[in-house]
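Going by numbering that gives the first Met the number 0, the sequence shown opens with residue 0, and the numbers climb by one from there.
Some hints here could point you the wrong way.
Below 25 Å or equal to it, Euclidean Cα-Cα: the simulated BS3-like pairs (lysine-lysine) are [claimed, not checked]: (1) 46 / 116; (2) 134 / 60; (3) 94 / 40; (4) 94 / 60; (5) 99 / 116; (6) 71 / 99; (7) 60 / 25; (8) 20 / 71; (9) 60 / 71; (10) 25 / 99; (11) 71 / 128.
What follows is a list of derived Cβ distance ranges for each label pair [said to hold, decoys possible]: (12) 79 / 115: 36 to 46 Å; (13) 128 / 94: 12 to 22 Å; (14) 79 / 129: 42 to 52 Å; (15) 132 / 40: 39 to 49 Å; (16) 69 / 49: 29 to 39 Å; (17) 71 / 100: 35 to 45 Å; (18) 102 / 30: 30 to 40 Å; (19) 58 / 38: 15 to 25 Å.
Rather than coming from a laboratory, the hints here were simulated on the basis of the structure.
Where is the CB? At the ideal position from N, CA and C, for every residue including glycine.
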Amino acid sequence: MKVLIVLLVVAVYNIEAAGIKCVQGKDGSAAATACSDTEVKQCSGPKFYEYTGMSADVEYKCGKCTAETEGKACETCTGDSCNQPKETGADFMCKNWEFKSDKWSVTAASSTCKRLKGTMIMCNMPGSKADKDTK
């Protein structure tokens, strides 16, 4: 019985000492790998904004986001492999609008919109009460 308890303690210690795994790199395509610092318990990665897409210039990594990027361009999570890229739905196109000659009109260009899987496809357009100051 004592031998089993010792083996259990050693096994738990080895798991704790190994640290966690995080997705690491620029695009999140690599599998999660062990963090070099076994004390790290958090992972981070770019924040996804509905209809805009992933934040630019934020890498997937071991450790938390910087104070400047936390919640704005970067998200921190706790646990093993918690920073997996979010599953996205198909991109779609929305028309662009401009205020010209005292009225709103559709431009020739369209915008590509990004979404998470399960997010409805929606586009914005100016309403009947929209004026030149409407954004």
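Here is what the structure says about each hint:
{"no.": "1", "hint": "46 / 116", "verdict": "holds, 15 Å"}
{"no.": "2", "hint": "134 / 60", "verdict": "violated, 36 Å"}
{"no.": "3", "hint": "94 / 40", "verdict": "violated, 44 Å"}
{"no.": "4", "hint": "94 / 60", "verdict": "violated, 36 Å"}
{"no.": "5", "hint": "99 / 116", "verdict": "violated, 36 Å"}
{"no.": "6", "hint": "71 / 99", "verdict": "violated, 33 Å"}
{"no.": "7", "hint": "60 / 25", "verdict": "holds, 9 Å"}
{"no.": "8", "hint": "20 / 71", "verdict": "holds, 24 Å"}
{"no.": "9", "hint": "60 / 71", "verdict": "holds, 16 Å"}
{"no.": "10", "hint": "25 / 99", "verdict": "violated, 41 Å"}
{"no.": "11", "hint": "71 / 128", "verdict": "violated, 31 Å"}
{"no.": "12", "hint": "79 / 115: 36 to 46 Å", "verdict": "violated, 22 Å"}
{"no.": "13", "hint": "128 / 94: 12 to 22 Å", "verdict": "holds, 19 Å"}
{"no.": "14", "hint": "79 / 129: 42 to 52 Å", "verdict": "holds, 48 Å"}
{"no.": "15", "hint": "132 / 40: 39 to 49 Å", "verdict": "holds, 48 Å"}
{"no.": "16", "hint": "69 / 49: 29 to 39 Å", "verdict": "violated, 19 Å"}
{"no.": "17", "hint": "71 / 100: 35 to 45 Å", "verdict": "holds, 37 Å"}
{"no.": "18", "hint": "102 / 30: 30 to 40 Å", "verdict": "violated, 53 Å"}
{"no.": "19", "hint": "58 / 38: 15 to 25 Å", "verdict": "holds, 20 Å"}
Hint compliance for this structure: hints 2, 3, 4, 5, 6, 10, 11, 12, 16, 18 are broken, all remaining hints hold.
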